[in-house]
Amino acid sequence: MTLELEQVEVRIPIGSGREVHALTEIDLVAVPGKPHFVVGGSGSGKSTLCSAVTGLLPGNARFSGTVKVGDLAAPALWGQRGRVIGVVPQSAMTCFTPVRRLGGQLAETVRYLGGERGPGELLDVVGLDRSALAKYPLELSGGMLQLAAIAAALAGDPPVVVADEPTSALDRQRSEDVVQLLAKLAADRVVLVATHDLAAVRSAAADADLSVMFASRIVETGTAGEVFDNPSADYTRDLLAALPENGLHPLPWPTPDLIDLPADYRYGG
Amino acid sequence: MLSARSLAVGHGRTALLTDVELDVAPGEIVGLVGPSGSGKTSLLRVLSGLTRPLAGEVLIDGTPPPKRPQGRVAMLFQSARRSCDPRLTLRQSIELCAPKAGVDWDALCARADLQTALLDRHPHQVSDGQLQRAAIARALAGQPGYLLCDEMTAALDPAATAAVVATVRRAAVDGAGVLFVSHDLPLVAAVADRVLDVAESSLRKAHL
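Same order as they appear, the protein sequences are chains D and S. Position one of the first sequence corresponds to residue 1 (the numbering used here), numbered consecutively onward. Position one of the second sequence corresponds to residue 1001 (the numbering used here), numbered consecutively onward.
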């Protein structure tokens, strides 16, 4: 099963007739076998893209276009969250109840979604020791909790997993571990990962798919190797030049406000 | 010179770092790397006067600082969103730390690379990168001699990180001593004049 987005647009009204252009003309295809990363600056639309796939857009957002997994399209698709689309949240620390042990929370999720794997098996899949089941979230490190959140996303054995900034609270080594795990999980399911952690993406497979977002649009798509080594979009080139190993060059052009963004706006003016 | 002599810092009575000897000269950027939980933030909180050391002393230009040295040492936190009052506009937040004589807004915003058009917005109306630059403007408004940067780019994308680092470098060129803490070794190596790391509960020169 593949995840397909066609001409997806999201507008979020903010009053006085103004609106945030959160997603514009998004076309994306993610397939099983390799992860699909979505990278870009803060506010470029990565999280909104994840929300458009998972059905977690703000209540007043105006959505148009097509999001589908196989023959199941939104909004019916959104009703199958957990079973068709697993969601890995940005902050694992806040997605678990602090007053209950991890094992109980995972067991409840498996029960609700009718999953076939128990909590222990889910932890085996993500490489987390089963002793974590007896612990409260506060007794686990940020990296362990993020793995537990991925285990929870797999509880309903969904064919699609969407992770929104799963490494933003982790240090470099843990970030790379989480990205490697998500890449491994992509062997037999669609894995879509939004992140601004280019270093962690670089550590994953070079044949992973990569889409670069800027100002609500996808400006470039290719394999990670192609995009990192030979970027075609000006924005991608400047984003890579901002990395420490490339000299920490600030973007020469300002990042636009997405409120009432002109339809013909392009990077570089 | 901002100095630490035989400093011990930690949580409660538990020492995370001991026998810390540190000097940060005006205009110098000193990097500090180390794993999560190794005491980096605790050290910065002591150097900034927010908490007391378990042992040892902090000196500014050879003398112990006043009880509240915030005017001479400014701290920049990992999450600007948590360190800025959500009820205040960016301008009001910055004014809290500004000298009574007032603020030259154009000059301050230029130093912090902050668009003046953003000053009258609230934190929820700007991006993380813009808010971190407002936090830098707030720190610079008090004209501190030293900036303590605690994982200040951890939540930022590469472009915002590069822009924030450029403002920190400008502050150092203008004479501020900077202690730049991060667990991102490539970033610290690119930013700092010299780098220290946490080893065996103390600081040593990092081998990059």
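These are calculated hints, taken from the structure and not from any lab test. Cβ atoms here follow ideal geometry from the backbone N, Cα and C, with glycine treated the same way. Watch out, some of these pointers could steer you wrong.
[Unchecked claim] Stretch-level coverage of chain D by chain S, calculated; a stretch enters the list once three of its residues show a Cβ under 8 Å from a Cβ in chain S:
(1) 41-49
(2) 112-126
(3) 193-199
[Unchecked claim] Looking from chain D toward chain S, a few residues come up when the C-beta cut is under 7 Å (computed):
(4) Leu28
(5) Asp171
(6) Arg172
Given coverage of the stretch 193-199 of chain D by chain S, tested with a Cβ cutoff of 8 Å and a minimum of 3 residues: holds (count 3)
Given coverage of the stretch 41-49 of chain D by chain S, tested with a Cβ cutoff of 8 Å and a minimum of 3 residues: holds (count 3)
Residues of the stretch 112-126 of chain D with Cβ under 8 Å from chain S, three needed, outcome: With 0 residues close enough to chain S, the hint is violated.
Hint validity - aspartate 171/D Cβ closer than 7 Å to any chain S Cβ: Since the shortest Cβ distance to chain S is 4 Å, the answer is holds.
Arginine 172/D as an interface hint toward chain S, with CB separation required under 7 Å: holds (6 Å)
Hint validity - leucine 28/D Cβ closer than 7 Å to any chain S Cβ: violated (20 Å)
Violation of the numbered hints given earlier is confined to hints 2, 4; the remaining hints are satisfied by the structure.
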